[in-house]
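Q: Here is what each chain is made of, one letter per residue.
Number of protein chains: 2
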Amino acid sequence: MNTTNFPGEGAAGWRPIDGGVGAPQGFWATGVMAGVKYQNKYDIALIFSEQPAQAAGVYTRNLVKAHPLLLTQKHLANGQAQAIVVNSGNANACMGPQGDEAAAAMARSTAAELGLAPEDVVVASTGVIGVPLPVERVQAGIVAAARELRELAGKDNERAEAAHQAALAIMTTDTTVKEVAYELPLAGGTVRLGGIAKGSGMIHPNMGTMLGFLTTDAAVPASRLQELLREAAEESFNMVTVDGDTSTNDMVVVLANGCSGISPQGAEWQQFAGMVKAACVDLAQMIARDGEGASKFLEVTVQGAASLASARQIARSICGSSLVKAAMFGEDANWGRILAAAGYSGAEFDPTKADIYLGHVQVAQAGQGLPFSEEEAKKVLAAKDIKVLLELHDGQAAATAWGCDLTHEYVTINGKYRT
Amino acid sequence: MNTTNFPGEGAAGWRPIDGGVGAPQGFWATGVMAGVKYQNKYDIALIFSEQPAQAAGVYTRNLVKAHPLLLTQKHLANGQAQAIVVNSGNANACMGPQGDEAAAAMARSTAAELGLAPEDVVVASTGVIGVPLPVERVQAGIVAAARELRELAGKDNERAEAAHQAALAIMTTDTTVKEVAYELPLAGGTVRLGGIAKGSGMIHPNMGTMLGFLTTDAAVPASRLQELLREAAEESFNMVTVDGDTSTNDMVVVLANGCSGISPQGAEWQQFAGMVKAACVDLAQMIARDGEGASKFLEVTVQGAASLASARQIARSICGSSLVKAAMFGEDANWGRILAAAGYSGAEFDPTKADIYLGHVQVAQAGQGLPFSEEEAKKVLAAKDIKVLLELHDGQAAATAWGCDLTHEYVTINGKYRT
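Quick mapping for you: the protein sequence lines, in order, are chains S and C.
Going left to right, the first sequence walks through residues 39 to 457 as my numbering numbers them.
Going left to right, the second sequence walks through residues 39 to 457 as my numbering numbers them.
This is chain S alone, in the form it adopts within the complex (with noise of 0.2 Å):
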């Protein structure tokens, strides 16, 4: 039985670098601390590209949208960007004209401090709802990482280390840092791309609260950069989910500079695609596993359902529920939970029909309880990463949801977040 499905597995051709978004060709980026809501935190994140370059975004599909969520929109309507500025926090969102004038005082810092039109600015806020923002210590916060840059000219080795705290600059309750970047050799020469993601409570399909950035030295026209990057977050970000509440402020923004001087064409555009999917799915994997609280890291693949809509449906329907995340926190082998949530997702299927697997032990056949070793079953939900399959045997479609488990620490850490 296989139980896993990674998209992209089994593509190959590119290989793991250091240097998260500054690894492309032709990228800079620093965090500094410029105290937006905590002292000695990295709240302020700047990424600077030193050609203009293609852009494409994805945006929370949250009616309520932030004001640097609007503002980005905006700013990405003619696909071009060349730098993207950040602040951990304060959300800036639900605050009237008020928010609108900071997020583009944001913009306006960054324009001025690296030579640029606000335009070509990216602005990106993650943090409390409805509190105003602190211009002016993020406008600080802006001066100083701009100068950071400036000082990085010529220091190659400090690079990887500035970029680093680009990544620490966008956490808020999260516990790890979301960084990766690959390389990959093609006929005319080696194409990167890096990238950062933030994610914790709040994660759920259709970007709840969650930035991502991708940086790539490629040269990619922004339409294609746009399919390329929607495609990606559906397989990805938009099959995490931590609570099912989904945010006002999220995105995922890529940036392609063109700066290694390669266009993959063909066969080559198929590895950079997948490349980019990769650490899409990367970060999304990271974002589960650092859920708010999360003891457990939860992977739900549904096989053999009659649609791709319909296995997306279903395993993020599974991912989320509360009782099945409880039960994997609690090592319980309920499978008759995972079934209801199938049940309830809105996708068709049969239930009569589908197997279900806990990691290698198979406890439901044609939607009937198997006698199984409990003591197997044991093992499989002790261990911290947990696989569930659903094979639907109603059609071809798969797909792949990433998750945690629900435990005391979330209630606790989200009782008590805005104080």
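What the hints contain is simulated information worked out from the structure, not anything from laboratory work.
Built from N, CA and C at the ideal position, the CB exists for glycine as well.
Mixed in with the good hints there might be a few duds.
[What the hints assert, rightly or not] Estimated spans, in silico, between C-beta atoms of each pair:
1) C:D388 x S:G51: 46 to 54 Å
2) C:A50 x S:E412: 52 to 60 Å
3) C:L346 x S:E386: 38 to 46 Å
4) S:L108 x C:Q308: 44 to 52 Å
[Stated by the list, open to error] Distance condition first, Cα-Cα at most 27 Å in a straight line; then the derived DSS-like pairs of lysine-lysine:
5) C:K112 x C:K193
6) C:K416 x S:K75
7) S:K391 x C:K112
8) S:K416 x C:K75
9) C:K425 x C:K391
10) C:K75 x S:K417
11) S:K75 x C:K75
12) S:K425 x S:K391
13) S:K416 x S:K391
14) C:K416 x C:K391
15) S:K79 x S:K193
16) S:K112 x C:K391
Got chain S sorted already, so can you dock chain C onto it with the hints?
A: Chain C alone, transformed into the frame defined by chain S:
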């Protein structure tokens, strides 16, 4: 400001009485301990009508349906029933032909003991999924319950206590008994209504693991009864959310045996319908209040919505948000989460017109935060009952949803449910 909007509030004429589902004329009910899962726990409930009753039911919309539920749907197709048998401790779900046979055996035993056709028996189960129902113990319990009903004849002072045991017998992780009874004086005499319910975890719109049974001695044709039950369930049971999961087993059934000799018409029908809805809202609120691990009762009212469907969708989304629920547990006035949960409900509205109140404290206006007294907000949130009001200024529709906070105890209960 008016924060409450109880369906049926203000209507009147009925008054509470004792006796639960045994209160209406011609109904007898009891519960016994059959050791289905635990010893010394009432776990078989039996409700019997002296006369064949008109009957209506609403059922879970989960694609995965338990065996007793499928049987009951068949039995109620003709709109008639004369007894209800329920076991707790085992859901009799996902068991294949063996499960169908177990449900049929419950109907046959009940019919044999009470001298009815099996098709006139409503069967319901609640408990763990995927474990064989201990049919012999259940049948022995049915025999014992039927004997108790016969022994009640002539002992009117024991009827209420016996009916109360039926309410006890349908409980699982419930910590409180959910039981109501009303009488309504009409021109031709008095009509009575009784109801019991079970709830706790897994409660959500569309009948998530919830059982409800109503009895009335009014004469109401099955088709009219069905329409009334559907309306009543929409604004009561379907507006309760505890954890977003829905179940395989849940149903609400009403029997009307006509023993009062009264068939309410016109204005009296409106009164009768109001009483049925009020009973359903009472039971729904008891369920929300007793959500697994709940420490607080949450009432979310959405006013000024463009449509009733939108108002309900938004109210349920807020009430079901893990982040809102955890904030209520932590007594944190994090109103941004309320607006965000409205934003991902799927209903259309204009967030820049939305006002938000926590109890009497307005915390946001036109989609933006207001300066408010943290002290006053703390007082509101420190109470056991918390009311949230979202005024959309988008139309005339309003709806109220009920739920509870998300607590450490919820996680504990659901981590160990099966064992």
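Q: Taking the hints in turn, state whether each one holds.
A: Against the structure, the hints come out as follows:
1. C:D388 x S:G51: 46 to 54 Å: Holds: the Cβ-Cβ distance is about 49 Å, inside 46 to 54 Å.
2. C:A50 x S:E412: 52 to 60 Å: holds (55 Å)
3. C:L346 x S:E386: 38 to 46 Å: The hint (38 to 46 Å, Cβ to Cβ) is violated, given that L346 (chain C) and E386 (chain S) are roughly 27 Å apart.
4. S:L108 x C:Q308: 44 to 52 Å: Holds - the Cβ-Cβ distance for L108 (chain S) and Q308 (chain C), about 48 Å, lies within 44 to 52 Å.
5. C:K112 x C:K193: violated (35 Å)
6. C:K416 x S:K75: holds (22 Å)
7. S:K391 x C:K112: holds (22 Å)
8. S:K416 x C:K75: Holds - the C-alpha atoms of K75 (chain C) and K416 (chain S) are around 22 Å apart, at most 27 Å.
9. C:K425 x C:K391: Cα-Cα ~20 Å, so holds.
10. C:K75 x S:K417: Since the Cα atoms of K75 (chain C) and K417 (chain S) sit roughly 26 Å apart, the hinted pair holds (cutoff 27 Å).
11. S:K75 x C:K75: violated (52 Å)
12. S:K425 x S:K391: holds (20 Å)
13. S:K416 x S:K391: holds (25 Å)
14. C:K416 x C:K391: holds (25 Å)
15. S:K79 x S:K193: It holds: about 24 Å lies between the C-alpha atoms, which stays within 27 Å.
16. S:K112 x C:K391: holds (22 Å)
When held up to the earlier numbered hints, the structure conflicts with 3, 5, 11 and fits the remainder.
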